[in-house]
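K.L.:
Chains A and B are the protein sequences, given in the same order. Each residue of the first sequence is one higher than the one before, starting from 1 at the first, in the numbering used here. Each residue of the second sequence is one higher than the one before, starting from 1 at the first, in the numbering used here.
Think of the hints as simulated: they come from the structure by calculation, not from any bench. Where hints are given, some of them may not hold.
As the list claims (entries may be wrong) - Reference listing, derived: stretches of chain A covered by chain B, where coverage requires no fewer than 3 residues with Cβ under 8 Å from a Cβ of chain B:
hint: 1; stretch: 12–19
hint: 2; stretch: 27–41
hint: 3; stretch: 45–51
Even glycine gets a Cβ: it sits at the ideal position worked out from N, Cα and C.
Read off the chains here:
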Amino acid sequence: DVKVTQSSRYLVKRTGEKVFLECVQDMDHENMFWYRQDPGLGLRLIYFSYDVKMKEKGDIPEGYSVSREKKERFSLILESASTNQTSMYLCASSSGPSGSRYEQYFGPGTRLTVT
Amino acid sequence: GNSVTQMEGPVTLSEEAFLTINCTYTATGYPSLFWYVQYPGEGLQLLLKATKADDKGSNKGFEATYRKETTSFHLEKGSVQVSDSAVYFCALRDTGRRALTFGSGTRLQVQP
Numbered sequence: 001d002v003k004v005t006q007s008s009r010y011l012v013k014r015t016g017e018k019v020f021l022e023c024v025q026d027m028d029h030e031n032m033f034w035y036r037q038d039p040g041l042g043l044r045l046i047y048f049s050y051d052v053k054m055k056e057k058g059d060i061p062e063g064y065s066v067s068r069e070k071k072e073r074f075s076l077i078l079e080s081a082s083t084n085q086t087s088m089y090l091c092a093s094s095s096g097p098s099g100s101r102y103e104q105y106f107g108p109g110t111r112l113t114v115t
Numbered sequence: 001g002n003s004v005t006q007m008e009g010p011v012t013l014s015e016e017a018f019l020t021i022n023c024t025y026t027a028t029g030y031p032s033l034f035w036y037v038q039y040p041g042e043g044l045q046l047l048l049k050a051t052k053a054d055d056k057g058s059n060k061g062f063e064a065t066y067r068k069e070t071t072s073f074h075l076e077k078g079s080v081q082v083s084d085s086a087v088y089f090c091a092l093r094d095t096g097r098r099a100l101t102f103g104s105g106t107r108l109q110v111q112p
């Protein structure tokens with residue numbers, strides 16, 4: 001079974017702190033994704049990566065950055081956390097090129113609260 | 001651009017009732033379509049998918065048919081169980097894209 005793990009299930013941070021969310025997948029997938037999930041808005045794409053050191057902005061990249069130094073690991077960074085970044089963060093991975101029919105596999109999510 | 005529209009929830013049903021959750025989409029290419037399910041406290045799991053027009057995806061008693069003429073991918077189940085209570089997300093991946101576009105999700109509550 002594909003496994004996508006995220007470093008924390010729950011995280012509480014203060015406004016202005018730098019926050020790292022880590023994601024690891026064990027299936028040698030090329031693609032990795034960070035989404036945030038908010039009630040009534042579904043999942044919105046923050047960033048994705050299709051290869052080591054390669055990244056592309058998603059629909060809501062402002063206030064976030066990412067890092068992919070190894071194929072299996074994809075980090076989401078909040079440079080200076082703000083209360084409007086309180087949300088559920090979901091990591092996913094998939095294989096295949098653009099338009100592939102392959103599914104995305106999701107981690108369990110990190111619920112981040114910024115106070 | 002791409003978009004997915006789902007019916008608003010929550011949808012509340014009694015056990016053994018028939019379920020339909022509507023999903024329509026807008027895409028510029030020839031998308032693949034997916035239904036994901038999220039059980040309480042968990043991440044998303046793929047429920048079923050269809051990759052071309054008229055394909056029917058099915059899994060665990062759930063079905064959805066890719067209708068290009070109506071740009072729809074409605075989720076159905078003939079007899080729901082309490083264990084089906086979850087949030088259901090419709091999603092698409094358009095031609096030339098790696099990421100998914102999701103609908104807002106529909107919460108299903110099944111009462112005994």
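K.L.:
Please go over all the hints and tell whether each is borne out by the structure.
P.N.:
Quick rundown of the hints versus the structure:
no.: 1; hint: 12–19; result: violated (count 0)
no.: 2; hint: 27–41; result: holds (count 5)
no.: 3; hint: 45–51; result: holds (count 3)
The structure fails to meet hint 1 from the earlier list, while all remaining hints are met.
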